[in-house]
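Colleague: Each chain, letter by letter, is given below.
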Amino acid sequence: MNIAVQIVKRFSLPLGLLLVLISVIVNFLSLNYPWSRRSGVLVHPSSDASLQVMIITSSLVTLISFYLYFKRIEPTVPIIVSLIIDTLCSVHTTFSVNARVYTGYFLSLLSSIMKGTASILLTLKIGLLEIEIVKEEEVNNQ
Amino acid sequence: MRTLKSRALSFLTILLLTLLFHTSSSIAQSYKLKVLLNRSELSVGELLNVTAKVYAEGVPVKGVLVELEIRDPEGKPRHISVNQTNDKGIAIFVVRISLNWPKGKYTVYVAISRTSIKRVIAIRVIKKKQFVHLKCLTTEGHPLPRATVMLFDTYGKRIVYTHTNTNGTSILFIYPGAYILKIIWKGVYVYDECVEVKGKELLILCEIYDLTIIVKEKYTGRLIANFEVTVKSLATALEKKYYTNSSGIALVKYLTKGLYEIRYDNKKLVMNVTRSETILIEVEPSIVWIIPQLLVLMISFIIYVIKEIITERRKRKTRHQRGSEHSSSNSEEV
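Quick mapping for you: the protein sequence lines, in order, are chains U and Z. Numbering (my numbering) for the first sequence: 1293 to 1434. Numbering (my numbering) for the second sequence: 71 to 404.
These are calculated hints, taken from the structure and not from any lab test. Careful: at least some of the hints might be erroneous.
Said to hold, decoys possible - Derived coverage of chain U by chain Z (criterion: at least 3 residues anywhere in the stretch with Cβ under 8 Å from a Cβ of chain Z; other residues may be distant):
hint	stretch
1	1331-1345
2	1371-1377
3	1386-1393
4	1401-1414
Ideal Cβ placement from N, Cα and C applies to all residues, glycine included.
Hey, can you work out the whole structure from these sequences and the hints?
Modeller: Here it is, written out as structure tokens:
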């Protein structure tokens, strides 16, 4: 009795897109935490409408990269645009004297690093995840 | 003969002098002197106003010398002064009853100079100490606590040495009158002047100022809360840290006159405090926390641009190669 492996379906998912997906989740998480203390005032997305809008915009723009990828168009541009929006968020919250940063800022930074890495991976077309769905079958030699 | 002559000459001289004296005294005797005192009973330190009016035949006389002498109960002269009558024939004397004068009945003599016209009035000097609430305030009206208060009489003798309480008040038990008041605050003289104690309260505004420091952010104009500012006195080398409130204001109270060094954010500012002032400090914001985000963006962007350039060059190369192959195949066909 031998076991034969039959490939049912094969996916090739780029690691970059996976990172983009995680970064979007992390970016959304940053909405729930304070970002910084700027000029003695606590900056929290719940109390700062412009920051809230920027975070949501950045996440939505990042998601466009998925659409572009499946349409076989270069997905890096929306990621870079979202990185620009993230930098603006950072300027908005930390460009101050004696600014202190909190969880929200670090989550955003982590999200940006992931997006940056994803954009590099997608640009250089490396880190392709090959996923194969297999089916095992028993083969009788006789 | 000579003796007779000399006798006659001396006789004549005496006669002339007597005549002269009589005429002058008769003119003087035509003067009338009226004296008025503001009070008949005075406490030490208070002012005695003596008004002398000279007139002749109902008309005020100008330029007449009037003498004043005050004698204590033992008959010892305590005050002597001379004054000239003005257009209205009035000569005014203002005498402060000194703290050193003994209490009792005093005699005031007022006379027209070189005449026998005089008036004698009796006054009573009493010595009655009273409680005086000395309140020391800054120029902004804040009470000055724990200040050293020294009170000297007009002869320079120290009478009082005390300190103000937390309300800036000190209670003194003194005679009314003129004193030299010196107030020391943190080793610096903040008041050194002559004061007159009249009532039960004495309000003193010391040379102590308030400095309002407003801290703003450069470019954004935001007021910075909880910002540290150090103020150092260059005279005493004492320094203290202050923090701005939610409105970006640090209020430095109780500053004595002098030079101060204001330090903030590794910067120095020296200013001469001579009055209560408001200064504006602009601080440059930091970009430290923007750098990581910016780096991520730049790296991604640069790699993307480089890749695009390389791709574009490859495309051009391929087009060029295809073009050359196409032209060579055409020529072969021909």
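Colleague: Are there hints from earlier that the structure breaks, and if so, what are their numbers?
Modeller: Every hint satisfied by this model.
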